[in-house]
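> Spelled out from the first residue to the last, the chains are:
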Amino acid sequence: MQFMLLFSRQGKLRLQKWYVPLCDKEKKKITRELVQTVLARKPKMCSFLEWRDLKIVYKRYASLYFCCAIEDQDNELITLEIIHRYVELLDKYFGSVCELDIIFNFEKAYFILDEFLLGGEAQETSKKNVLKAIEQADLLQEDAKEAETPRSVLEEIGLT
Amino acid sequence: MPAVSKGDGMRGLAVFISDIRNCKSKEAEIKRINKELANIRSKFKGDKALDGYSKKKYVCKLLFIFLLGHDIDFGHMEAVNLLSSNKYTEKQIGYLFISVLVNSNSELIRLINNAIKNDLSSRNPTFMCLALHCIANVGSREMAEAFAGEIPRILVAGDTMDSVKQSAALCLLRLYKTSPDLVLMGEWTSRVVHLLNDQHMGVVTAAISLITCLSQKNPDEFKTCVSLAVSRLSRIVSSASTDLQDYTYYFVPAPWLSCKLLRLLQCYPPPEDGAVKGRLVECLETILNKAQEPPKSKKVQHSNAKNAILFEAISLIIHYDSEPNLLVRACNQLGQFLQHRETNLRYLALESMCTLASSEFSHEAVKTHIETVINALKTERDVSVRQRAADLLYAMCDRSNAKQIVAEMLSYLETADYSIREEMVLKVAILAEKYAVDYSWYVDTILNLIRIAGDYVSEEVWYRVIQIVINRDDVQGYAAKTVFEALQAPACHENMVKVGGYILGEFGNLIAGDPRSSPLVQFNLLHSKFHLCSVPTRALLLSAYIKFINLFPETKSTIQEVLRSDSQIRNSDVELQQRAVEYLKLSSIASTDVLATVLEEMPPFPERESSILAKLKKKKGPGAVSNHLLKTRKACLTDIKGISTPSPSADLLGLRAGPPVTAAAPSAGSLLVDVFSEAGVNDDGFLRFVCKNNGVLFENQLLQIGIKSEYRQNLGRMYLFYGNKTSVQFVTFTTTLNVQAKPVEPLIEGGAQVQQVINIECLTDFSDAPLLNIKFRYGGALQNLTLKLPVTINKFFQPTEMASHDFFQRWKQLSLPQQEAQKIFKANHAMDTEVLKAKLLGLGMALLENVDPNPENFVCAGVIQTKAQQVGSLLRLEPNAQAQMYRLTVRSSKDTVSKRLCELLAEQF
Chain P
1 MQFMLLFSRQ GKLRLQKWYV PLCDKEKKKI TRELVQTVLA RKPKMCSFLE
51 WRDLKIVYKR YASLYFCCAI EDQDNELITL EIIHRYVELL DKYFGSVCEL
101 DIIFNFEKAY FILDEFLLGG EAQETSKKNV LKAIEQADLL QEDAKEAETP
151 RSVLEEIGLT
Chain C
1 MPAVSKGDGM RGLAVFISDI RNCKSKEAEI KRINKELANI RSKFKGDKAL
51 DGYSKKKYVC KLLFIFLLGH DIDFGHMEAV NLLSSNKYTE KQIGYLFISV
101 LVNSNSELIR LINNAIKNDL SSRNPTFMCL ALHCIANVGS REMAEAFAGE
151 IPRILVAGDT MDSVKQSAAL CLLRLYKTSP DLVLMGEWTS RVVHLLNDQH
201 MGVVTAAISL ITCLSQKNPD EFKTCVSLAV SRLSRIVSSA STDLQDYTYY
251 FVPAPWLSCK LLRLLQCYPP PEDGAVKGRL VECLETILNK AQEPPKSKKV
301 QHSNAKNAIL FEAISLIIHY DSEPNLLVRA CNQLGQFLQH RETNLRYLAL
351 ESMCTLASSE FSHEAVKTHI ETVINALKTE RDVSVRQRAA DLLYAMCDRS
401 NAKQIVAEML SYLETADYSI REEMVLKVAI LAEKYAVDYS WYVDTILNLI
451 RIAGDYVSEE VWYRVIQIVI NRDDVQGYAA KTVFEALQAP ACHENMVKVG
501 GYILGEFGNL IAGDPRSSPL VQFNLLHSKF HLCSVPTRAL LLSAYIKFIN
551 LFPETKSTIQ EVLRSDSQIR NSDVELQQRA VEYLKLSSIA STDVLATVLE
601 EMPPFPERES SILAKLKKKK GPGAVSNHLL KTRKACLTDI KGISTPSPSA
651 DLLGLRAGPP VTAAAPSAGS LLVDVFSEAG VNDDGFLRFV CKNNGVLFEN
701 QLLQIGIKSE YRQNLGRMYL FYGNKTSVQF VTFTTTLNVQ AKPVEPLIEG
751 GAQVQQVINI ECLTDFSDAP LLNIKFRYGG ALQNLTLKLP VTINKFFQPT
801 EMASHDFFQR WKQLSLPQQE AQKIFKANHA MDTEVLKAKL LGLGMALLEN
851 VDPNPENFVC AGVIQTKAQQ VGSLLRLEPN AQAQMYRLTV RSSKDTVSKR
901 LCELLAEQF
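Protein chains in written order, with my numbering: chain P, 1 to 160; chain C, 1 to 909.
One should not assume that every hint holds.
[Stated by the list, open to error] Interface residues of chain C toward chain P, partial, derived using beta-carbon atoms under 10 Å:
| id | residue |
| --- | --- |
| 1 | Leu96 |
| 2 | Leu345 |
| 3 | Glu351 |
Hints listed in this document are in silico derivations from the structure and should not be mistaken for laboratory results. Idealized CB from N, CA, C, for every residue including glycine.
Build out the structure end to end from the sequences listed, making use of the hints.
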């Protein structure tokens, strides 16, 4: 897989993961072009399309589009299920995930993706194992939090 | 705002994100972001040391701002600091920031690498995974240099945790993709292959991606993976749907791993060992059988996962192309999918059948589905599916069904999407020519093409129809009649006028007997289109008119009248004016005999491969041509034409397409062959070696040529490495050179490399590089390649150190105008001081510090050593960062040297 993009029906990019080195300008250009292409497609259309010399596999979940770019010899259907498994992971972690969860906890969405896919290839396809890794990390986080000093009131209302 | 149920909940961050979401306009958002950036900047710059939590929060905010699409130019240092925090959560955010926002700041990379090194050696698996993820996400060369040695060790060590192994495998894969030269598997190879046997399915899933990539590059070293992969696959395929616990996905056992295993096997030919092969065939049969079983779940995930494996298995069957039984079964299975209610399956079935159509075993089976495919072309609602259907029709076309398929494609063209028309036109043109039994059908088809999609008919297409008509006298009368009729249409495409003008000019006499198409009627018909046409078409028509004068003397006065009119003879276009003047003169003074000789019928064109076919041709076989590739191919054709165009008069009718394309080499495709035969001297690689001595000089799909060289005084030695990238041997491999060279081995085995040493002595200064000619046979086709050897005059530099005073004194001494060469040119690369320095050092001169009063400028000094004499040279390079320009000045005691150095260097920066 060369990259994965998550964007909303309004075309707002919610997550971007690049597995090939590209400059920022090129990334923005690709994103713009693809978001436009995919949003223009009608609901019953096929989930695959040729784009430049890549194959695009996309699927819509509620208000979010998940879109992957794969190479010629890669398998479209299994990519579709990669998307689905990622959605399942998010859903399980957040408990019935919605777009807002991904906006407000974008860093978590990236962490989960890194446990699941690395370098554009499936690293761990077992839902249990991926979530175990993330929950372990959260546990470490909780421990660390208890050790922290209480935060100021100003911080609490977001002024710092 | 949702309650943040998990994790640490950085409240400041959540509030900020809320604010951004509440912004009513882009301006408001930018304002809010700028406020936040100012805040963060002041926090980072403040006297008070920030605690880890705050640092993490601000870094996270910066990350959020960057992901919104804004530029971030600070915070990198703080993120790097977080890496060495012992709190997991801070470290994690630090790594995320680095992964998303790397920049090539070398100072920072060193610090990042240090932090990664610490985490890798921490023996804490969670930290190790974070570090490995970061390397895999960044994948830069610097990281490969630092860690490519260490990661294989982690991957195969007995005490490494499974999760770390998984990350290490894919991390290594990423590094291998970016810097294959730095990842050396060597001693680890067999242990890596044996990861296929690992107890942990996750480890196998990750490791197999690495193994597949490595196998593609070094099939021999990894070939033991075949039998391991087959037995692993067989265990999965025969397992019950609950055996693999969490690796079962919607009742399908380990779909990702199965696909990857089948993919790995596609890197190799069918197993030679009968038992292994038998087991594999059994697996493939089981997969095909399962497709016929009733689904275990109604969920689309179940059928997708199952079919993903099925399609991958079919790919493997097609790859082997040796089991007729399996090929036909695969074809029948795909045939069922052609009418499936899932659009995705119809799309994939059409795509996969394209490759089946090119196998002799399944071609006939594919053809039985023609009606379904034609129906898909007519009724599919999604253009990408229709495109697949068109590709498949093209692939399944042969003499038996050509008329039907071409007719369907033509009728589809009338309503086809604009995006695929050009490709469709090419396909129709090719099929019509390839399977034409009678040429009147061919002529009809092409004229129909022009009528329906004239805008998309490229020059190649109409050149070709004329070539064929000229070469076949049985079709000339028919062509003249048909084109005459086509021109009667009130609005006809300009391409039709071109074809009409040419054909009537040549063969109008064949229909002139009929009073309805008498010479004058023909002329008037053509001339009625004249004013609507572009200049090139008008020029063509003028030539047709002079041919008319020759064919039909009775039209002479009418045509002379036309030529004599001011709009012709005083036309503002030089070409048109010249033609009008010359043709008028020719028709007035030349005798009938002379005229007849000058305007004799065109001789037949030499038979050659169609240039249209060349345009559509692609390695992967028919059918799968995408627009993108077509464009590339076209660009390439134009370039070649540019080289071989001898005179403008020859360009009509594709003569300028160059010498005939020779017989195609097997599989590797004819693209190579014609590039080889046309390109003349290849000097792409040459200029890359001016400032360096080692590297790859040339590479295509067959051959790679690497160079190592060293120079001392006026002597040099060059090692050339010829690598055969194919699996077929190169025979009668010879190289010739106008420099003394030891002969090279005449045979290069598939995948092997041979070495050649060349000793070089520089007798006197020179400008032209020695030429190296390489000839060999690959699968019967002779390959011929000429390369410039990267031996340049600067290779014989001895650096000379000198002080500022000396430099300027010598500079003044070399003040004759011819001793100086200067060039001002635009920067081709980023103006990075370090890179410039490295290049100038690579040039071989001494780079002098503190000489030029302007510290931005570079000055160098050196002496070129030749057998005949020594040539002292001084150089000054003045970058202008604002204009992105350079001024380069070279002064030497010999004028030719200054000039040559200047030319060579101007291409380097």
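> Against this structure, judge whether each hint is valid.
Results for each hint:
| no. | hint | in the structure |
| --- | --- | --- |
| 1 | Leu96 | holds (6 Å) |
| 2 | Leu345 | holds (9 Å) |
| 3 | Glu351 | holds (9 Å) |
The structure agrees with every numbered hint stated previously.
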